[in-house]
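Spelled out from the first residue to the last, the chains are:
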Amino acid sequence: MSDHIGLLASFDYVDSAVNAIEELRGEGLKDITAYMPYPDHHIEEALGYDQSPVRVWALAGGLCGAAGGFAFTSFTSMDWPLVTGGKPILSIPAYFIIAFEMAVLFGVLSTVIGLFINSRLPYIKPMVVYDPEFSAGKFGVFVTVPPDRLGRARDILNGQEPSDLREDPEGVRHAS
Amino acid sequence: MSTATEVPRGAVPHPDITDLAEVNRDVLRPLGRPGLGWWMMLALAIAGIGLLGVSWGFQMWKGIGVTGLASPVGWGVYITTFVFWVGIAHSGTLISAILFLFRAPWRQSIYRAAEAMTVFAVMTAGLFPLIHVGRVWHAYWLIPYPNSRFLWPNFRSPLVWDVFAVTTYFTVSAVFFYLGTIPDLAAARDAATGLRKKLYKVISLGWRGTDREWHHFGKAYIFLAALATPLVLSVHSVVSWDFAVAIVPGWHTTIFAPYFVAGAIYSGVAMVITLTVPLRKAFGLEAYLTTKHYDAMAKLCLLTSMIVFYAYLSEFFMAWYSGEEVERAAFWARLFGPYWWAAWTMLVCNAMVPIMLWFKRVRYSIPALFTISIFVNIGMWFERYVIIATSLHHEYEPFAWGMYRPSLTEMGVMVGSFAWFGFWFLLFTRLLPPVAIAELKEVLPTPMRRAVPAHGGLEGGDR
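These protein sequence lines map, in sequence, to chains V and X.
Taking the numbering used here, the leading residue of the first sequence gets 1, the next gets one more, and so forth.
Taking the numbering used here, the leading residue of the second sequence gets 1001, the next gets one more, and so forth.
It is worth saying that the hints were derived from the structure and are not from the lab.
Using N, Cα and C, we set each Cβ at its ideal position, and we do this for glycine too.
It is possible that part of the hints are untrue.
To be verified - Computed beta-carbon distance windows for the label pairs:
hint, chain 1, residue 1, chain 2, residue 2, range
1, X, Tyr1140, V, Asp31, 46 to 54 Å
2, X, Pro1445, V, Arg149, 29 to 37 Å
3, V, Cys64, X, Ser1157, 21 to 29 Å
4, V, Leu63, X, Ala1139, 25 to 33 Å
5, V, Gly151, X, Lys1281, 23 to 31 Å
6, X, Pro1278, V, Gln51, 41 to 49 Å
7, X, Val1054, V, Glu45, 28 to 36 Å
8, V, Asp31, X, Tyr1178, 28 to 36 Å
9, X, Tyr1178, V, Cys64, 40 to 48 Å
10, X, Val1133, V, Arg120, 40 to 48 Å
11, X, Leu1431, V, Asp168, 28 to 36 Å
As the list claims (entries may be wrong) - Here are a few chain X residues that face chain V, going by a calculated C-beta distance under 10 Å:
hint, residue
12, Pro1015
13, Asp1019
14, Leu1020
15, Ala1043
16, Ser1157
17, Ala1186
18, Ala1188
When you get a sec, could you build the whole thing from the sequences and use the hints?
Okay, structure coming up:
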């Protein structure tokens, strides 16, 4: 990878970015990063995304929270079994509320952790491969290519009339 | 994250916005140098927080006796205001999570302000249990922790459920709010300079809007919304059970949970209108918060006002129909007893005034909606006062009846809580983008070079 070269193109239009991504992938250039001001599903589809593993985090966190809520209320009640209001020591309907709240709390926290791990946030490396326009209205396509295919990749990107195209050898180390 | 198939019925929601980058310019403009008006409001808010601090400090110094709380009315203005603020919080989550799951096309431009309102309202509500317990230095007893005597809270008590519900709600709504702002903080970072750029750089977590980030972000957002939806319904249900589980006449009814949830959404949407009307005017966001958005919020207000009115009527009906003497006396006292003014304020503000929302001209008039929303805010505060104070003052035994008069300390704390809320909301309007930039772009026309479909499923024009 060390001899690879990065190409960063900015597009004004979604379809230009989608065409560029599909052509690059057709050429076998799979190391592509797209930049979007909002989540555009055309681009996500072009990159061939699968299901996000974040859903597993949400489920696991929720189940752990629910189990923890039930366990906590039950064990602390049995630790000091004092009857109040004539209710059973293990008052399951009442404990269900605590378990539910804990399920939501841990489900949410675990989802966020899953998001951070999967999307590699926070991103603390220098923002070399980036353009402030990407958060405004431009769509970016960054591709790393071996030197012998640089010309072909450049032709593909230029074919979609980018508003900006820059060669960025430094960026390869910082990409994704 | 809506997709191409969910084209809103009718026209595009924001016909005056043509360009994606224009959204950044318009929404980030208010983050510039604040005007004199903003500083004056901030000074007012800080003065109000001073009032809150002085009142609370006085109560800490002298003890809970400086309030009007005494047997039989042990819950008064503090608990009323607590329920009021928890209720206000609800519509933020409704707009951000529930309407997100229902793909309502009008939520994008409002939800950021509504979510901020939620977080700050829960922060305000959270003060009241601490104030109400009196000896605030023992407030940590509410939290189950392994203490030296191995005593644990009574998990059968609704008050303990409340601790769990409200802390969970605060955490979840704060996380949801922050997560949603990350892409917009990145947009603010890209437009800012100097110290602000550094600040936004840190809090945007280095967001670049890459496909990987958006892909997982979208999925996480759906799950957060799906988890927040039952949570928001549970929180106000739990708050209502603080009352409904007790056998006080006027409290002990099964309709309390849905009745409170509807009331919470009602008051919250009204508060969103109250807050966004000046915001829209001050920051020139008319193209984003259009009259159509206010029409949609007004309809939500109308629906929930009818649910709330139905709940009032069914309470009165059940008191009569049950033949329960104590219940009948309590509800008679509610309307014609010494607190008649509170009950009638509630009925007029919450049930009568919103009848005007049936008229389209009213729903499309911003000044009219603003005025009605103020009435609803007042009415909903009085609703909780009626439920809490008037029910307690007239329980079973005539010798145990008694009056409650809020003291100046309590009023100081109550007024101060609005200043505390306003303080955070003012900071929000200047530090964070008040409209969700990235999500708004999803409902704008997709920028396409070719008008004709270039690929399967790719269409020009609106999404």
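Results of checking the hints against the structure:
1. At about 52 Å, the CB distance of X:Tyr1140 to V:Asp31 agrees with the hint of 46 to 54 Å.
2. Between X:Pro1445 and V:Arg149 the Cβ separation comes to about 36 Å, which falls inside the hinted range of 29 to 37 Å.
3. Here the CB-CB span from V:Cys64 to X:Ser1157 is close to 25 Å, well matched to the stated 21 to 29 Å.
4. Between V:Leu63 and X:Ala1139, the C-beta spacing of about 31 Å keeps the proposed range 25 to 33 Å intact.
5. Between V:Gly151 and X:Lys1281, the C-beta spacing of about 56 Å breaks the proposed range 23 to 31 Å.
6. Against the hinted window of 41 to 49 Å, the Cβ-Cβ separation of X:Pro1278 and V:Gln51 comes to about 44 Å, which satisfies the hint.
7. A hinted range of 28 to 36 Å is violated for the C-beta pair X:Val1054 and V:Glu45, which are about 60 Å apart.
8. Evaluation of the 28 to 36 Å hint for V:Asp31 and X:Tyr1178 yields a pass: the beta carbon distance comes to about 31 Å.
9. Distance hint check: the CB atoms of X:Tyr1178 and V:Cys64 are about 22 Å apart, inconsistent with the given range 40 to 48 Å.
10. At roughly 44 Å, the beta carbons of X:Val1133 and V:Arg120 sit within the given window of 40 to 48 Å.
11. Between X:Leu1431 and V:Asp168 the CB atoms are about 33 Å apart, so this pair conforms to the stated range of 28 to 36 Å.
12. Interface restraint check for X:Pro1015: the shortest CB-CB distance to chain V comes to about 18 Å, outside 10 Å, so the restraint is violated.
13. Taking 10 Å as the C-beta contact cut-off toward chain V, the hint placing X:Asp1019 at the interface holds, the least distance being around 6 Å.
14. Below 10 Å, beta-carbon pairs count as interface contacts, and X:Leu1020 has one with chain V at about 3 Å; its hint therefore holds.
15. Given the 10 Å rule on beta carbons, the hint for X:Ala1043 is violated: about 34 Å separates it from the nearest Cβ of chain V.
16. For X:Ser1157, the interface hint holds, since its Cβ comes within 10 Å of a Cβ in chain V; the closest pair sits about 8 Å apart.
17. Hint status for X:Ala1186: holds, given a least beta-carbon distance of 5 Å to chain V, under 10 Å.
18. A cut of 10 Å between beta carbons decides the hint on X:Ala1188: the least distance to chain V is about 9 Å, and the hint holds.
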